[in-house]
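Engineer: Spelled out, the chains give:
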Amino acid sequence: MPVERSALRRIADATQAGGGSTKGPLLGVAFGLCSFALRFSQLRPNRIASGTGVPAWEILTLLEMSLLLFPLAVCLFLSLRPGGRRPSSSRALPLACGISGNFLVCLVFYLSGKAARILVSPETPNARVSMGLGAWMMVLAGYVFVLFALEDGSMKKHEKALFSLGGAAVLLAFTAAGFLDGISVLREFDARSDRFLGELASHLLIAGTSVGAAVIIGIPLGVVAFRKRLAERPVFFAVNTVQTIPSLALFGLLIAPLAYLSRTFPLLRRIGISGVGAAPAFVALTLYSLLPIVRNTYTSLKVIDPGIPEAGKGMGMGRVQLLLRVEVPISLPIILSGIRVSLVQAIGNTTVAALIGAGGLGVFVFQGLGQAVPDLILLGVIPVICLAIITDRVMQAFVRLITPKGLSQTAGGLG
Amino acid sequence: MIELKNVSRRYGDVEAVRGLSFSVREGEVCVVVGPSGCGKSTALKMMNRMLEPTSGEVRVFGKDVREYRPEILRRRIGYVIQSVGLFPHMSVAENIAVVPKLLAWEKKRIDERVEELLHLIGLDPEVYGGKYPSQLSGGEAQRIGVARALAADPPILLMDEPFGAVDPLNREVLQAEFAAIHRRLGKTVVFVTHDLDEAIRLAGRIAVMEKGSLVQYDTPENVLAHPANRFVTSFVGSDRALKRLSRFPVSAVMRRPVAVGVSDDIAATVGALGKERKIRFLWVLDEEGRLRGWINVWRVSERVSIEEATTEATAGQIAVRQDASLKEVLSRMLAEGIKVVPVVDRDDRVVGEISLADIERITEEVDSQWQVEEREGRS
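Sequence order for the protein chains is D and Y.
Oh and the first sequence: position 293 is 293 in the working numbering, straight run, nothing missing.
Oh and the second sequence: position 139 is 139 in the working numbering, straight run, nothing missing.
Some hints could be false.
As the list claims (entries may be wrong) - Short, incomplete list of chain Y residues facing chain D, as computed with Cβ under 8 Å: (1) Ser21; (2) Tyr68; (3) Glu71; (4) Phe87; (5) His89; (6) Val99; (7) Leu102.
Everything labelled a hint here was simulated from the structure, so no lab data went into it.
For each residue, glycine too, the CB sits at the ideal point set by N, CA and C.
Can you make the complete structure from the sequences, with help from the hints?
Structural biologist: Here is the structure:
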């Protein structure tokens, strides 16, 4: 009893003394330990049947189990260590968490791949193995660790970059090397690898061209809304209204008029425009992408005090100099933030466009829904999520890069 | 330097400026004043071709402005506006460097000029050069607006209500600084304002405008003493005698202070004043010459020390600055109910004093001078 009490007090001390700064790692450790109580892998006799869980101790070797436990133990020890608040050692815990988190995620995927190879015997070629709740729980634990490390103030820039990209790079290498091939989602991929790349390309093409078109239409619209007082309300009424229509309904609404146009003008039909397919998807996605771009263009002009162009002109700047040296540097970061929002939104909405035959990764989602194959749904959904996150991050970094120093507060507030 | 010949400007049916003719001499501060909508800003903007006249001719540097390309003309004329218009994405140093860069100066020359200008407006280049406009106070931003307009050393400075958006306290400081800068650089300045006090304070000549026309163009003294018509009389207001006081700086009227140190011997001090005790109040100063308070020698007892006899008062309460005007002195006297005020320098050290009698004497002198002028004018 006395032993337990002192351990409890230490947990309480550790969580309170540092202003709760060890709560993150402790939560991660708790998730990690819980995961051992849940099924590590999921075995199904075929791709649509429901499956049975396989606990960790049945599928993992003792060494593998201890490899999973070791980072948890290190983080637990560092969080509870009485001298852990010393400034000299304050970096030990976040560093350990960053490394442990990445290590855990990579290891779980690797082990899941290995488990899949073991569980699918040559006699049962149709059997499917996917990651069980336990494996996902361990991934979550790893994510909590990484998050804690990234939020810690003492981490340097390159360490943060390593923690956020290192694990992802290793996972990509694992996938490329075929370590994870046994996992069911990747078996769906194997069966459709050609189709997958095609749909990925058309997904990017549809999202990219619609946002491109929205940029070409939206920036002038934003300028007009700002310059002409009469145009402001109708322009925003229109783009706001479009935004409130559910994407599926908008795709549906466009079928009739586009089909009519294509029937009436053979030329349109010849270049591939019809009621279903890429044309309505392109039109609808362009309309959706307008709001963030129009709104941010408008705002970017609104934040320029009228005295700024007047002063520039009064000092002897020409029209072009004023545009390039003053107006564009102030406006561009805000407009690009709008394009970022539009892109992320379009990548998501393009998934739905598969319903009207536009193609894209949504094809797998709707096939999977139709055939009740969860793995096929995931094959569509996971890349869409990754694409959206990558686009968001890359655009964010780009916006930060081109935001002039004196404006960093303003641009940050307008997402 | 600047000459307007029968200049008019229409906006649709409204004639904002009609038949305006006046000229500004080199090195002169011409303040254009009038109620809002009288066309004073329009008149100013036609001088650097921000606006084109509908008819008439504007001559700058001895040539019709239409002979210059607008950009080239504007780079030779400093331009300061009420909203300042600092570029938010550029540092203070980069903002000041805009016109020199347009003129393709060498980098070294630009850097030196920026530093020189920041010194001129009393801001430390080390501290302010790298700051961004969002980090500046309104007064600082306006100072930098002035520095930016002066960057390429233009012979002419056009200022459109430059201190209009600054709070009244800072406005007086900026006005005093502007007057000091003008004394040093001697630029030709056209300054538009609706604030007559500001005009009286800064102007070499005041141009009073009403409904697009010039109604009087004269020195501040003459505008106050002989308003040209009923409009100017009402614009100048019934307190013109008071306004006139703001033309006199304290430093021109103040006398040497009658003061004692806080640790001086009281018996010797009172003895030195003689039996008659013509002087009733003495300022009490600390070791550094800063104001501690005052003593009333008529009531003081020789048995106590000066320190004990002192009625405490700080410079902030009763004193005026050297660069203040007599108007402020009078206002301080009325507010505090005193007939003599001490004058202090920037470090609050007492450098002089002014009494109500001094102000009366000045007013009388000026009045009699005006009467003489008026008689001469009639004969």
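Engineer: Next step is simple, just say for each hint if it's right about the structure.
Structural biologist: Hint check:
1. The interface hint given for Ser21/Y is violated, since its Cβ lies 24 Å from the closest Cβ of chain D, which is over the 8 Å cut-off.
2. Of the supplied interface hints, the one on Tyr68/Y is violated, with its beta-carbon coming no nearer than about 10 Å to a beta-carbon of chain D, more than 8 Å.
3. Hint status for Glu71/Y relative to chain D: holds, with the closest Cβ pair at about 5 Å, below 8 Å.
4. Contact between Phe87/Y and chain D, as hinted, is supported at the beta carbon level, the nearest pair being about 6 Å apart and thus within 8 Å.
5. Contact between His89/Y and chain D, as hinted, is supported at the beta carbon level, the nearest pair being about 3 Å apart and thus within 8 Å.
6. At its closest, the beta carbon of Val99/Y sits 5 Å from a beta carbon of chain D; the interface hint therefore holds under the 8 Å criterion.
7. Restraint check, Leu102/Y versus chain D: the minimum CB separation of about 6 Å is within 8 Å; hint holds.
Of the numbered hints listed earlier, those contradicted by the structure are 1, 2.
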